[in-house]
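Construct the complete structure from the given sequences, taking the supplied hints into account.
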Amino acid sequence: MSELIACHGCDLLVDVGDLENGSRASCPRCGHFLTRFQRDAMSRVLAYAIAAIILLALACSFSFLSFSSSGLESIMTLRAAPGSLWRYGMPELAIMVAAFIIYIPALLLLLLVSISIPLLFGLRAPWLRFATRSVFTLQNWAMVEVFIIGVIVSLVKIAAMATVVLGISFWAYAAFSVCFTLALVTLDRYQCWEMIEALETAQ
Amino acid sequence: MNANASTAAAEGLASCHVCCKLAPTTEHNCPRCGAALHLRSSNSLQRTLALLITASILYIPANLYPIMITEALGVAEFSTILGGVVLLVKLGSIPVAAVIFIASVMVPLSKLVAMFYLVWSVDRRHLGGHRQRTKMYLAAEFIGKWSMVDVFVVAILVALVHLGGLLVISPGIAAYSFAGVVLVTMVAAECFDPRLMWDRLDNNNDSSEA
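The listed protein sequences derive, respectively, from chains W and F. Under the numbering used here, think of the first position of the first sequence as 2, with each following residue one higher. Under the numbering used here, think of the first position of the second sequence as 25, with each following residue one higher.
Mixed in with the good hints, there may be bad ones.
[What the hints assert, rightly or not] Far from chain W, by Cβ distances over 10 Å, these chain F residues were calculated:
1. I81
2. Y141
3. D147
4. N227
[Said to hold, decoys possible] Residues on chain W that point at chain F, a partial pick, calculated with CB under 7 Å:
5. G10
6. C11
7. D12
8. G32
9. L66
10. F68
11. S75
12. L86
13. M91
14. R134
15. S135
16. V136
17. M144
[As the list claims (entries may be wrong)] Restraint-style ranges between C-beta atoms, simulated for each label pair:
18. F:L115 / W:A81: 43 to 49 Å
19. W:W172 / F:F166: 53 to 59 Å
20. W:V186 / F:Y141: 45 to 51 Å
21. F:L88 / W:R45: 45 to 51 Å
22. W:A126 / F:L111: 50 to 56 Å
23. W:F131 / F:F166: 22 to 28 Å
24. W:G32 / F:G98: 55 to 61 Å
25. F:H52 / W:A81: 45 to 51 Å
26. F:A96 / W:R88: 18 to 24 Å
27. F:A34 / W:L121: 36 to 42 Å
Think of the hints as simulated: they come from the structure by calculation, not from any bench. Here the structure is a predicted model, which is why all the values come from computation and not from measurement. Ideal Cβ placement from N, Cα and C applies to all residues, glycine included.
As structure tokens, then:
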């Protein structure tokens with residue numbers, strides 16, 4: 002079957018109708034990635050998303066880092082971290098940081114669950130189009146993996162000043178970042194919309 | 025997978041930027057997902073250029089003012105982005121200094137230069153390397169958010185280090201400007217439409233054949 006897709010890099014029309022399971026298509030003219038076909042993509046997305054939600058809940062519940070010097074100790078939790086910026090008079094920056102590391106990723110995960118369940122079980126859901134559009138708009142604004150690097154850099158910066166201990170939440174967040182990234186990578190834009198169209202036109 | 029020799033625009037089709045559906049250019053909204061349908065991103069070059077200039081202006085205070093203030097036993101020490109890199113080198117942690125230098129200095133600078141070059145090159149038909157320039161655009165789009173590392177480091181240190189009068193770290197005003205640089209360049213990359221330079225190539229071929 003012939004299915005045309007226009008490359009988002011250079012607008013060339015490419016036929017991606019006969020992709021085998023697990024294979025990917027790139028534009029022959031500019032090399033831009035087009036789509037990847039995976040038969041069980043939706044069950045993978047759902048599995049990664051649920052795992053990521055559990056890990057994020059854990060990451061928000063315990064101590065993330067603790068810092069002690071000369072008998073004084075301070076503990077940082079993930080949810081309270083952006084609040085300190087707020088107290089120093091930078092509410093906009095605090096909101097941005099909280100959104101990039103916790104709230105946008107959490108919202109994305111809920112949207113992924115709300116997309117993958119109807120697509121997996123063939124249920125018509127009125128929010129399907131809206132949720133899928135939101136996922137692709139928001140996905141650039143989750144900075145989970147960047148935050149992990151930020152934590153590692155911070156550790157090295159203050160390791161000389163005092164004793165720093167990584168908490169349970171840090172490890173949960175690191176595992177969460179892996180599941181979160183896998184969930185988003187597995188959701189293919191073109192294939193997902195093809196499935197929505199097939200579901201909605203089916204009798 | 026077969027390539028047709030034609031582009032969507034030449035066939036009178038617009039590709040939906042949300043769901044990849046091809047629809048006639050006469051449609052205003054995508055028939056599949058309902059998003060507004062544009063043949064190319066509207067005012068792509070003007071918007072990208074305006075945002076790039078904004079980011080370049082923000083980049084100046086981001087580097088001149090302190091991003092972090094360390095107060096040890098009442099003595100305040102102000103550190104700028106570059107100062108932080110120098111300090112890390114002195115502490116002997118070269119790999120982390122390299123991470124911060126790449127993320128906070130090289131990435132924003134090279135992204136700004138690359139995007140300015142791409143905008144400038146769109147109308148220069150004689151420049152070849154369309155494939156390389158598309159790759160350059162994708163790379164600039166991909167690396168953008170990694171510059172947030174420095175802002176996150178400030179957020180973490182400020183939240184973690186407050187030991188009464190002994191040792192306190194507070195954020196500096198450059199954190200604002202720097203976060204601004206990152207956000208504005210990310211939006212600039214989203215505004216730029218790489219298909220514009222391929223359009224010029226297609227037009228060029230048509231006119232040389234005619």
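The hints, checked one at a time:
Every CB of chain W lies more than 10 Å from the CB of I81 of chain F, the least distance being 18 Å, so the non-interface label holds. Every CB of chain W lies more than 10 Å from the CB of Y141 of chain F, the least distance being 17 Å, so the non-interface label holds. With a closest Cβ-Cβ approach of about 16 Å to chain W, D147 of chain F is found to remain outside the 10 Å limit, as its non-interface label requires. Every C-beta of chain W lies more than 10 Å from that of N227 of chain F, the closest at about 12 Å, which supports listing it as non-interface.
The beta carbon of G10 of chain W is positioned within 7 Å of a beta carbon in chain F (closest approach about 5 Å), and the interface hint is therefore held. About 4 Å separates the beta-carbon of C11 of chain W from the nearest beta-carbon of chain F, less than 7 Å, and the hint is met. Hint on D12 of chain W holds. Least Cβ distance to chain F is approximately 4 Å, under the 7 Å limit. Annotation: interface hint on G32 of chain W holds; nearest CB of chain F at approximately 6 Å, less than 7 Å.
Contact between L66 of chain W and chain F, as hinted, is supported at the beta carbon level, the nearest pair being about 6 Å apart and thus within 7 Å. The beta carbon of F68 of chain W is positioned within 7 Å of a beta carbon in chain F (closest approach about 5 Å), and the interface hint is therefore held. Contact between S75 of chain W and chain F, as hinted, is supported at the beta carbon level, the nearest pair being about 6 Å apart and thus within 7 Å. At a threshold of 7 Å, the smallest CB-CB gap from L86 of chain W to chain F is about 6 Å, leaving the interface hint in force.
Nearest Cβ of chain F to the Cβ of M91 of chain W: about 6 Å, under the 7 Å cut. The hint holds. This hint holds: R134 of chain W has a C-beta 5 Å from the nearest C-beta of chain F, less than the 7 Å allowed. Using the Cβ-Cβ criterion of 7 Å, the hint placing S135 of chain W at the interface with chain F is not satisfied: the shortest such distance is roughly 10 Å. Interface hint at V136 of chain W: violated, since its Cβ lies 10 Å from the closest Cβ of chain F, which is beyond the 7 Å cut-off.
For M144 of chain W, the interface hint holds, the least distance from its beta-carbon to any beta-carbon of chain F being 5 Å, beneath 7 Å. Remark: the range hint 43 to 49 Å for L115 of chain F to A81 of chain W is contradicted by a beta-carbon distance near 28 Å. At about 27 Å, the beta-carbon gap between W172 of chain W and F166 of chain F misses the expected band of 53 to 59 Å. For the hinted restraint 45 to 51 Å between V186 of chain W and Y141 of chain F, the CB-CB distance of approximately 29 Å leaves it violated.
Taking 45 to 51 Å as the suggested C-beta distance range, the pair L88 of chain F and R45 of chain W conforms, at roughly 48 Å. In this structure, A126 of chain W and L111 of chain F meet the distance hint of 50 to 56 Å, their C-beta atoms being roughly 53 Å apart. Separation of F131 of chain W from F166 of chain F is about 27 Å and conforms to the stated range, judged on CB atoms against 22 to 28 Å. Remark: the range hint 55 to 61 Å for G32 of chain W to G98 of chain F is upheld by a beta-carbon distance near 58 Å.
Between H52 of chain F and A81 of chain W the beta carbons are some 47 Å apart, a value that agrees with the proposed interval 45 to 51 Å. Evaluation of the 18 to 24 Å hint for A96 of chain F and R88 of chain W yields a pass: the beta carbon distance comes to about 20 Å. In this structure the hint that A34 of chain F and L121 of chain W lie 36 to 42 Å apart at CB holds, the actual value being about 38 Å.
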